[in-house]
Amino acid sequence: MNLLATITTELGAWGERPICSVWLTLFAPLVAALVITLFTQRWKWLSATLSIGAIVLGFALSLRLFIALAFHGQQHWPHTIQWLTVGNVRIEFGMTTDALSILMLLVVTGVGSAIHIYSLGYMKGDPGFSRFFACMSLFTFSMLGIVLANNFIQIFIFWELVGVSSYLLIGFWFEKPSAADAGKKAFLVNRIGDFGMMLGVLLLWSHTGTFNFAELPAKLAGIPAGTLTLIGALIFCGAVGKSAQFPLHVWLPDAMEGPTPVSALIHAATMVAAGVYMLCRVSFLILPSETALTLIAWIGGITAIMAATIAIAQNDIKRILAYSTLSQLGYMVMAVGLGGPTQAMFHLTTHAFFKALLFLGAGSVILALHHEQDIWKMGGLWKKTPVTFWTFLIGTLALAGVWPLAGFYSKDEILLMAMHKSTPLFVIGTATASLTAYYMGRECFVVFFGKPRDQHAYEHAHESPWVMTVPLILLAVFSIIAGWKGEVPHFLDPHAEVEHSNLGYALLLVPLAGFLVAAKIYWKPEPSDSPVKAALGKIWTLVENKYYFDELYLWIVKYVQGTIANACELFDRWILQRLGIGGLSVGTGLLGRTVRLLQTGSVSGYAFLVGLGVTVIIYYVVVK
Amino acid sequence: MITLNHYLVVSGLLFALGIAGIVMRRNALVIFMALEMNLNAANLALVAFSKFNRIVDGQVFVFFVIAIAAAEVAVGLAIIVALYRRKQTVSVDELTTMRL
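Protein chains in written order, with this note's numbering: chain A, 1 to 624; chain B, 1001 to 1100.
It is possible that some hints are incorrect.
[Unchecked claim] What follows is a set of in silico ranges between Cβ atoms, one per label pair, in the way DEER data are often shown:
1. B/N1027 x A/L579: 48 to 54 Å
2. B/E1036 x A/F608: 16 to 22 Å
3. A/T615 x B/V1056: 56 to 62 Å
4. B/M1033 x A/L598: 25 to 31 Å
5. B/L1013 x A/L579: 36 to 42 Å
6. B/I1066 x A/T600: 53 to 59 Å
Because the hints were derived from the structure by calculation, they are not lab data.
For clarity, every value in this text was computed on a predicted model and none was experimentally measured.
C-beta atoms are modelled at their ideal positions from N, C-alpha and C, and glycine is treated no differently.
Generate coordinates for the entire structure from the input sequences, incorporating the hints supplied.
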């Protein structure tokens, strides 16, 4: 009894200290992943409980940290463990707990919790049920590691862990070749970006001698402007890979091969958010360099408009959402490039809610139709799956940026910033906004309205169980309120001026126009793409084929990499094998044959040589 | 007066004679005898050093050389006899099976 009391007091005291909550939040998912992998594979529900428990615990603790920070003004519990010291390289393992981290922590664990619970319903009956939850926990752990990292080495380690766990999850149904390929593609494309990031981190270290985010800003003064730009651009490479920006965006749509909750997790709260979050975390590196900022802003802008145009011609319910994610990530990156990391984080937060909502809604539709993903085989579903429909509609409107939903506020901030700083980017942003409304309207009308096109599937369609609809409703609520009056940017930066201009409300017309056009074309009993196809002609073919990026990359790999491989093969065969190895062997043979001539078999000859040798040795030893 | 050098010159001549015998003769038995001559040349030098430097060690060493030479002769002659039985010759020119 005494012991129990002691343990309780100890635990209580331990929980009192906020930093312990941070460590617990980070490591609970890892422990869950390990326990599931090692011990509880067979007990499916126990595995799921562990995994969900870990992330819900994380959410509760994050909420407490958030309250402590937002209402009691407690802040900054720096906590660092000296990890490795090699020569003059110090590597730490530490926790950052400023407003940025805590906000991201809330998003990751909050949206993550909803997705984990939803997975209970979606993955029911899958033979890899336990494995799925183990991977999800590992993914959560990796993402939380990025969020909490206080130095570049730590962020890079977790960065790669996110890569690995995304590989595991995208290729979750690895018996399907397309899924296995998609996993590989995601991993390899990410590696390209990560390599750039690693170079950037090393370059930065060679100039400053530290990896720590807190120490870095003070040491930047001595770096020449050109080098700083290069560092910024290289580190941005990492974000280009993870946040799927042009030209490394090709992995994200293919990542749809994973189970739908995975898509939701990758697209909303983790992985792709990591790139933008990292840029915001190290914004002190990027902001001084005008060139790097311009590069980032334009990459973001190009990604936004490119993905939005591709999305109008896709037929897979999840692929449309994937391209909309690309497009919204483009917005966020553009915001960073325009010098507004706070606005980027604001959009990231709101986007996390409605994008998770949309993916989970799409998953619910897919499950209702027994794994049908083609929007042209759906239709009229709003009566059959009312909860899914209404929540999906809220998500669509939030994504399109309709007042007063979350997307309106965050997108508005970015567009206003673009208007002040760069007119071409403002035009791109506005065009993207209307396209977003258009293609989301198309998806919504085709899937939920009109006549059911597959009568058999329609009759068997059913609303999802409550474990799936409750997360949908919760996410819908947050999609409505998350943007309210710009509270999020205010939390991140108390001095941030949230602009309230009438122009913001004028911008409301932009998505509305897109939405109306979509309604005009697709809100019919028998909608079809043919009017748009006829109007756009060749452009339609171009966007339908995603601007032939995959083909281009395939071509590059085939010819460039193929040529290099052939040259290497020739070098190996002719230079290494024939000249190197072959030369050695022939030379040794010749030498042996020559030396063999000395073996005469004549004893007196040997004796003569021995005598001669001894004489020579004696001559040298004695006379010289 | 006979000096150390006289002895050493005789010893050297004997040794050279032995080497010449080994190199030039064809009969294994004769080569063997020439080899013995080399040993004795060395013995002479050792005894001479021992005498002139007044250290007995050299003479003790010579006893060892003689004893080992005796053993070696036994083995060597046995080999030659065995060779003769096998090949019906002791001419080293004909004993060239080690050659490729």
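Each hint, compared with the structure:
no.	hint	in the structure
1	B/N1027 x A/L579: 48 to 54 Å	holds, 53 Å
2	B/E1036 x A/F608: 16 to 22 Å	holds, 19 Å
3	A/T615 x B/V1056: 56 to 62 Å	violated, 31 Å
4	B/M1033 x A/L598: 25 to 31 Å	holds, 27 Å
5	B/L1013 x A/L579: 36 to 42 Å	violated, 57 Å
6	B/I1066 x A/T600: 53 to 59 Å	violated, 34 Å
Taken one by one, the earlier hints fail for this structure at numbers 3, 5 and 6, listed in ascending order.
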